[in-house]
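Listed in order, the protein sequences are those of chains G and U. The opening position of the first sequence corresponds to residue 620 in my numbering, with each subsequent residue numbered one higher. The opening position of the second sequence corresponds to residue 4 in my numbering, with each subsequent residue numbered one higher.
It is worth saying that the hints were derived from the structure and are not from the lab. Wrong hints could be hidden among the right ones.
[Unchecked claim] For each label pair, taking beta carbons as the anchor points, the in silico distance ranges come out as:
#1 U/E118 <-> G/T637: 46 to 54 Å
#2 U/L289 <-> G/S816: 51 to 59 Å
#3 G/D681 <-> U/L135: 25 to 33 Å
#4 U/N262 <-> G/I632: 24 to 32 Å
#5 G/T637 <-> U/G275: 33 to 41 Å
#6 G/G788 <-> U/A366: 16 to 24 Å
#7 G/I765 <-> U/G223: 42 to 50 Å
Glycine is no exception: its CB is placed at the ideal position from the N, C-alpha and C atoms.
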Amino acid sequence: MTTSQQQAGDPLIIGGKTLSSRFFLGTGRYPNPYVQNEAIRVSEAEVLTFAIRRINLEEPEDDAILHHLSFKPFTYLPNTSGASNADEAIRIARMARASGLSDWIKVEISANERTLLPDPLETLKATEVLAAEGFTVLPYTSDDPILCKRLEEAGAAAVMPGGAPIGTGLGILNPYNIGLIVEEAGVPIIIDAGLGSAADVVQAMELGVDGVLMNTPVAKAVDPVRMAQAMKLAIEAGRLSYLSGRIPKKRYATASSEYEALKVK
Amino acid sequence: MGKHILILGGGVIGLSTAFACAQRGHRVTVLEQGRCGGQASGAAAGMLAPFSENGEGPDDFFRLCLASLQLYPAWQQTVKEVSGRTFEYSHTGSLNVVYHESDRLALAGRAAWQERFGAQPQIVEGADLHRLEPALSPAVHAALYHPDESHIYAPDYVLALEEACRKSGVQIVDHLGSVRVIASPDHRACAVDKKGVTYEGDCLVVCNGAWAGELQEALGLQIPVYPIRGQICAYELPAPGSVRHMVFGSQGYVVPKANGTLVCGASEDVAGFDTAVTERGIQRLLNWNHRLYPFLEELEPYHRWAGLRPATQDGYPLLGRLSQQPAILMAAGHYRNGILLSPVTGQAVADLIDDRTPQVSLARFALERFTRQPVR
Chain G
620 MTTSQQQAGD
630 PLIIGGKTLS
640 SRFFLGTGRY
650 PNPYVQNEAI
660 RVSEAEVLTF
670 AIRRINLEEP
680 EDDAILHHLS
690 FKPFTYLPNT
700 SGASNADEAI
710 RIARMARASG
720 LSDWIKVEIS
730 ANERTLLPDP
740 LETLKATEVL
750 AAEGFTVLPY
760 TSDDPILCKR
770 LEEAGAAAVM
780 PGGAPIGTGL
790 GILNPYNIGL
800 IVEEAGVPII
810 IDAGLGSAAD
820 VVQAMELGVD
830 GVLMNTPVAK
840 AVDPVRMAQA
850 MKLAIEAGRL
860 SYLSGRIPKK
870 RYATASSEYE
880 ALKVK
Chain U
4 MGKHILILGG
14 GVIGLSTAFA
24 CAQRGHRVTV
34 LEQGRCGGQA
44 SGAAAGMLAP
54 FSENGEGPDD
64 FFRLCLASLQ
74 LYPAWQQTVK
84 EVSGRTFEYS
94 HTGSLNVVYH
104 ESDRLALAGR
114 AAWQERFGAQ
124 PQIVEGADLH
134 RLEPALSPAV
144 HAALYHPDES
154 HIYAPDYVLA
164 LEEACRKSGV
174 QIVDHLGSVR
184 VIASPDHRAC
194 AVDKKGVTYE
204 GDCLVVCNGA
214 WAGELQEALG
224 LQIPVYPIRG
234 QICAYELPAP
244 GSVRHMVFGS
254 QGYVVPKANG
264 TLVCGASEDV
274 AGFDTAVTER
284 GIQRLLNWNH
294 RLYPFLEELE
304 PYHRWAGLRP
314 ATQDGYPLLG
324 RLSQQPAILM
334 AAGHYRNGIL
344 LSPVTGQAVA
354 DLIDDRTPQV
364 SLARFALERF
374 TRQPVR
C-alpha cells in the first residue's frame, strides 16, 4: 500500500488543507544542501519549517536554504524561533506573511536559552492574536493537557506539544500527558521536538498523535537520508498500528493455536 | 629513519600533510591529478573562523577547528620561512550580524558556550556596532563580535605551501590525469597513474577532496563525499578600510583583503563536478550583500569564480587510518573548512604516521563510520 492510499481513508487536514504526509520536517542543521535535499525528498514531507529570522524575507526565492527547495511544491510553516515574548512572535509572523512566504505560522516562544522550553503564557497570547488575524497557527507548546486545550480554544489549527526539549533526542518524556492531550483534542496534535529515533516516532504515533515534526534527529544523523526514510516508515507503521487496535497485554502466555486444534483427527 | 609517504592530492590538505611529514624527516611524494591548489583550495576566501563557522555547539569538529586556529600563528610563520614567500594573514576579527530582535537569544546562547573556549565574544549593537564597523547597514540589529578570528589570502598561502614542500624535499608530481590506488597485502602502499607509472611507499594518504569517493571500491569503504560548488565574487573597495572585519550573515559573508579587495561568498550549489560560474549563482550574492553594506549596490564585482568543496554525508571530514589496511590513511571531506583545518590535519596525519597520539580526538572522524555491513 502506498502512502497516498493509506491517506485516502485517513486524511490529515489542517487549516482546511489536506496534507499528503504526516511528517513535518525542519530545514536547519543539515551538513550540506545535497544531503538536505535528498533527506527532504526521501521523507516525502509536504510541510517544511524554518526560522523566519534566518530567511532572506526580501527575496525568499533567493534565500540560502529555500532556493534549494524548488523540486516540489511544499507547504511552508515558518517559525518564530528566537522570539522571547508574544509581541516579538507576532511581529515576525506578520513579516513572514507580508513576504508572501505563507500564512501558516509555527508560534515558538522560548525565554530560556538553555532549555529552549516554550513560554506557555506568551504562546497562548500570540496564538490568540494571530488566529484572529487569519493565520493558520500551529503553536509549539509544553505537553500540558489543559494548556493544549486552551490553545485549541484560542484558535490554533493544530497544537504541537513537545516530547522533550528541542534537539535533545530524549524521546517522549511524558506519554501519559500526550495520551490525554490526544483524547481531549478537537484539532490535530503534532509532536514537535525532542524525538531521537524511529522508536520514539512509533511510540508517538501509537499514542494517537496526528503527525510528527522533527529536524535534529534527521539532520544530525550519520546518514540523514536513510534516517529520513526510517522516520517516514515509523510514522506510517505507528499510524497503522494505532488505527488497527493493539491486543491487550496479558500476564501469561496464550498459545496462538490451541492444543486441541493441533491434534490429528 | 624516515618513511616514504605518498600523498594523493595536492590541495591545501595534501600540501600541508606533505609539509608536516617532511618537517618530521619523512620522504614525501605528492601525486596530483591536475595542478596543486586548483580546486577548493584556490577558490577559498581563507577565513580562519571556528566560532563563526560552528554556531551550534562545541562538538569534536569545533574542537578540531579551534585547535587548528591555535596552531596557525606558528604554522604560517614556518611556511613563510621555509618557502621564502609571504601571504596575507590578517587579524581583523569577525562580526556575525543579525537583523531581528528574535536573534538575540541565539546570539546569547552562542556567546555563552564560546566563552568557555577562550573566545571573547561580545554582543554589540547601536553606536558600539557603528563605531566598530561604520559602513554596515543600519538595518543590522546586532552582531556577535569575535576579536580572535582571522583570515589569510588562500591562493598565496597555497603557493607558499607548495614552495615550502619543494624546498623541504617533497617531490610533487602533477598533471597525472587520474591515479589509481592499489590495495597492497604486504602493508605497503601503491598507486598507479594513467601512463602505468607505479609509485610505492610505506603509506599513502588520500587527500583528494571532492574526488575521494572514487576510491570506494579500491579501499572497500563507503566514502560519501559530494562536491558542493561554491561561487564567489570580489570587489575593489572604493576606499581602503571601508570594510574592517570579516562579516557573516545568514545568507553569506564578506572578507576584506589587504590588497584592497572585498571577497563575497558563497553559494552552496548541488551541481556535480561542474565548476561553471552561473549568472543566478552570482546574482544571489549581489541581491543580498547590500543588506550588509549599502555601498555594494553601486559596485560591480571585478572577479567571479567557483570551486568544488568536498562535503560529507554527516558534515565531518574523514580523518584517520584505515583499520583493514594500515598503510592507507585519509584526510578528506573538509567542506568549508579546509584552509582553517590544514595545520591540524597535517599535524594529526604526521602523528598517526609516527605512531603518536594526535593532540585532538579523531574518533568522530573515523574512516569506517559510513561502512555499516549488516550482520548475517
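In rising order, the numbers of the hints this structure does not comply with: Hint check: 2, 4, 7 fail, others pass.
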